[in-house]
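Please construct the entire structure, taking both the sequences and the accompanying hints into account.
These are the residues of each chain, in order.
Number of protein chains: 2
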Amino acid sequence: MLIRKLDPETFVHAYNVDLQMLYPWEGVVEPPFGAAWAVLAAGESTKPHAHQECETFFIARGQGVFSIDGERVEVGPGAVTFHEPFHNHVLTNTSDSEDLLFLTVFWEDKGRWAADPEAVAEHHREHGDDGDHPHAAAPPPRAADAAAAQAAAIERELVTAAPPTPNGDLHLGHLAGPYLCGDVYARARRLQGVDAHFVFGSDDNSIYVKTCGEGLGLGPQQTATRFTDAIEETLALAGVATTALPRPNASPHHRELTRHFFRTLYERGALVEQEAPAPWCEGCGRFLFEAYVRGRCPHCGDGVLGQTCESCGRVHDARDVVDAVCAQCGAVPGMRPLRRLVFPLSRHAGFLRDYYRRVAMNHHLRALVEGVLADGPPDVAVTHPTDWGIEVPVAGWDDQRIYVWLEMAPRYFAYARHVNDERGVDAGWERFWKAPEARVVQFFGYDNSFYYGMLLPALFHAFDPDLRLPAAFVGNEFYRLDGAKFSTTRDHRILGRDLLAEAPRDAVRFYLAWSAPEREQTNFTRQEFRATVRRELLAGWQGWIADLGRRLAAGFDGRVPATGDWTGEHRRFYHRLEELLRDAGEAYAAEGFSVQRATRVLAELVREARRFAAGEQHWDSVPSRGEERRTGIALEALAAKLSGLLAAPVMPDAADRLWRGLGYAAGPEESSLSTAGAWRDALDWLPSGQAAPLAEPLLPGLAEYLGGGE
Amino acid sequence: MLIRKLDPETFVHAYNVDLQMLYPWEGVVEPPFGAAWAVLAAGESTKPHAHQECETFFIARGQGVFSIDGERVEVGPGAVTFHEPFHNHVLTNTSDSEDLLFLTVFWEDKGRWAADPEAVAEHHREHGDDGDHPHAAAPPPRAADAAAAQAAAIERELVTAAPPTPNGDLHLGHLAGPYLCGDVYARARRLQGVDAHFVFGSDDNSIYVKTCGEGLGLGPQQTATRFTDAIEETLALAGVATTALPRPNASPHHRELTRHFFRTLYERGALVEQEAPAPWCEGCGRFLFEAYVRGRCPHCGDGVLGQTCESCGRVHDARDVVDAVCAQCGAVPGMRPLRRLVFPLSRHAGFLRDYYRRVAMNHHLRALVEGVLADGPPDVAVTHPTDWGIEVPVAGWDDQRIYVWLEMAPRYFAYARHVNDERGVDAGWERFWKAPEARVVQFFGYDNSFYYGMLLPALFHAFDPDLRLPAAFVGNEFYRLDGAKFSTTRDHRILGRDLLAEAPRDAVRFYLAWSAPEREQTNFTRQEFRATVRRELLAGWQGWIADLGRRLAAGFDGRVPATGDWTGEHRRFYHRLEELLRDAGEAYAAEGFSVQRATRVLAELVREARRFAAGEQHWDSVPSRGEERRTGIALEALAAKLSGLLAAPVMPDAADRLWRGLGYAAGPEESSLSTAGAWRDALDWLPSGQAAPLAEPLLPGLAEYLGGGE
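Protein sequences appear in the order of chains A and B.
Per the working numbering: the first sequence = residues 1 to 710.
Per the working numbering: the second sequence = residues 1 to 710.
No false leads were mixed into what you were given.
What follows is a set of in silico ranges between Cβ atoms, one per label pair, in the way DEER data are often shown: (1) Cys300/B with Pro693/A: 26 to 36 Å; (2) Glu9/A with Gln690/B: 23 to 33 Å; (3) Glu74/A with Gln690/B: 35 to 45 Å; (4) Glu74/A with Gly43/B: 28 to 38 Å; (5) Ala553/A with Pro298/B: 26 to 36 Å; (6) Glu502/A with Ala703/B: 28 to 38 Å; (7) Pro700/A with Asp375/B: 37 to 47 Å; (8) Gly27/B with Asp684/A: 34 to 44 Å; (9) Gln690/B with Arg358/A: 31 to 41 Å.
These aren't lab readings, by the way, just hints derived from the structure by calculation.
From a predicted model like this one, the values you see are computed outputs, not experimental measurements.
For each residue, glycine too, the CB sits at the ideal point set by N, CA and C.
This is the structure:
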């Protein structure tokens, strides 16, 4: 017999408890579970956490309470709890003097989670962390196609991108971020039968628009209009399909909803008056904030213009900018007292913590919001001393305007109204923001993380706790050009419209997706762009489809045959198509969204299909095996159809051309308008006898653009 | 969350304690252990007992003492004891008023007792099978993947490649075909726990060896020996790992088995005498066949040397060669009657049709065999009028020798014998050819299709209908060099040894696999080779692993941490690893075998892991999220381990280096020798605390080979 005592010397602190690891017991035994004593100090709570192991607590000493979805369950010595994988559980020591001692035992049971994380997550979302659900221990549902399962529950989605500031046209860095990705996502969802709408407006009331206009000798609204026109043109050239692209000051909804939103927050006491010193430029005769101030970030020390740091993602008040100067005249500002309305974000920390447990987001964003929560969330000024922007709908604030980032929250209600208007649906914004069959997914770049990840959810919650907040955030990092950051001032950039004038739109979209800055800064070079689209699209996809067209014409009168006899090779190829469809479904899902992966799934499908086709051609020499030959070509035509479906979100024109070339009356996107979505029928056979001329190249002009050689 | 309280109503009395059974928790969960609260009344002692389970006590409340061999150990709250199987342990409650509450957890660990039948018998004598001790639930069987399931059914495999003709060294085209692919396949099967052996000999008795020797002024055996030496060297340089590489005329089994095989066929009437006109060269004074005749294929019209057409894969008799000339002197031959033994293949057409329904093969091969069956299989001469080869073991045929393609069938029995010899197993060739737990998989190039796909199975069947014929054929097409066929005569070739002297072996293996001519002729260029290994191996795999090593060193003292808290991102990444493991399993399976796919699975794993790592780095800035950070790096280390496993069949040296760099005592291949195969444990975590220096590059010399730029 071996013995160990409870020994504070060996404690490690994690999850906000002191842990004495007991098993595995080094050099003694490695049981099929781990175990530790845990000591939770008086008044403390365990850190909310979720992991893959099953876990059980045995309470040995003290008194505590488990909090689950607002319910409280008291526990004392002898209590035993069981926690499913990935269930959040928070235990609080309710004593004000005595430790709470419990034993935790945990073990892995892959049957409960590993096979299908989405199903487990879905199960948990549906049932909450509610442990007394009698089926909590039932095995997760059969691994279903994640996208299909989601599509069944969600009927409509509002897909949003951060609004572009109309102080310049869009360059490739902008396009490769939220605009292309949001478009691809919304298209994929529509193919999956979801009534998904991509919508974002322009950010007309930003101070950056005003200062830009001053440089050009234009008024702020003139400036906004000019550049929004340019941005709209570029988006249209890039094939970014929005349901609406409302301009705030021309919208019938934006101003009214913003003022209502602000007033409601004010009346509920969510906004408070605060007087504090603020930087004042004597020469320019104004307070410095946002576009008016330049200096270094008080958090990371990097150079900043305004109050958001593009390097570390943190925000700060203008008064805290280090080595601040006036961005207009370069003078060092003094300080003057300034009275403003602020939104004390720290009041909403608890709500945000809860929210973060259920919203999907990447780890850069998650690390940022956790960091801000740990340091204490700031008070955010929601009015600014300027004459540009929406008037404050509260008496006594005529000298100030609503801060654009407060305007940003209600604009998403306005978007919902615009979508309704476009669709001829007489309904309020709640149709997208409160209905259980609807959800919101937001796309934005890392520099907007604080606002989308923290400020907006807290504002939404303060405005109306019954709102269904965004289900997923899809962030992106900066895209680089030839190894350096895109910069308009240094003219180190390629405008979207310029590349789109050179090369076929779908080739541009494909390469921006292939190289998208999803988790790290990625780089655009023309050389890589040309090499990649030559290999993957010209020689790859388009080459295969043209070859298939020739073989259909030569061997089958240009018509897709019915399947005949199957070999094992045929079955394996069909199985690959099923796998690739599933892979693409995962790549296009909001949780884990990855256009990098989606484009690679397409490339892999093309490689597999060409390899398969190379084997099939040999049937031509064996008349007695015409049935196998038919099966092979029917499978290849199915692969071609599938390639069009999987490519459609990224390359809608080419996908449309492909499906029409296969003899369909419409491409995958159009055909999905009238049905439950082409995705569901992805592996339905082409009708036998359907004429499939495949005469047109998938990407007209690509060969000419690339020229010979290279 | 589910909760139970300490409840005297549920107590059962056993071992002189009141037990509340906690686990298994009926209808909720069946963990790999059992657990119960135990209440020992004041002044009482537990009943002395011994059982097969390991057991641990956790003291929650009260005071007691353990008596062991006359010694006494006091215990109080927080004490933990561990009891080996069959150890007696008595606990006494030393209080005279207060209960002693402890938790008992017990589990079976057969490694600790099952090997000792005496202990088990002792246990049964003492306790019977009465089970009055609450027994631990046995660990649930692991969800078996396809590979593991296959491995369970098939215990050993003979993996063969077509024997190289020793009339020249191996060029890249040879290597990229059966030699690399068979090696990769056998390595993958060993990782999956199968006792797989790659074995092929040389084809010494081919007439091509004799004619080659004549050109060099060497005898045929001298020629065979010289080039087999060279081939063996090249295979060793390429890391092709054979269990044996027998030379037929030095083998203790080959000649004997061949003659036995021939004689048996003859005695069974499978070989018949036939007299027919045969081409005769007056000037050279010999019949023309195989290497002696040149002309055009009677099936497709392409140029042929000998009696097999490399273009259409068909074979023909020498007399049917169109526009035949003597390959030695160029004269047009006449015809003379020739008496030979032939194997009338058409007799076996029905058997072959049956066999083709169950054997895995690609469609090029399938189309060929179906075409031959449709046209009517030929009679194949099995003796030739020459003095080079094995003597015909039938009286009256002293002037002829056994045709090498008849010798080819029994040589696979000889291979089985050689494997047995190497492994020190005293068993006949039937161990691989008749045992239900064994199978044969054959690799060969398209030009050998007729022989492996038709002649050999029919010969095997005629020899012994109870043989278990090959389960799968893995064919390949020709590999091209700079767009044209490899050719020794035109010196349009790169010898394996030459490229292997320039570039690291694993890089060569990787690219030959990446571009392998699996279903169509593929092309080697140095430029593509360099670009691909630079992108996928140098910047990709090796770059990622080096980066992981730096991050482990900088942030974790170079040790792999245990997992902590999990986010959705973590779970999705784990799920991707499961998918990629399954993808690789499919790529390495004989049915659907594809090294092209296997290398792309590795590339995709690297891309996913790098993308995942880019997100994880942000935890560094959030001290409160150290648990998530640990999970991320533990997952990445698991991905690295998996990449080594999946790469091992193609890049064994790099995989070995990687696993050692991760702190394992051996690479995936070595570690699999003593266990059921590393594949089964592919997703088992690295032991926490394991030092993983990852100091050495995975492919030493690759960066130097590639140099800068390009």
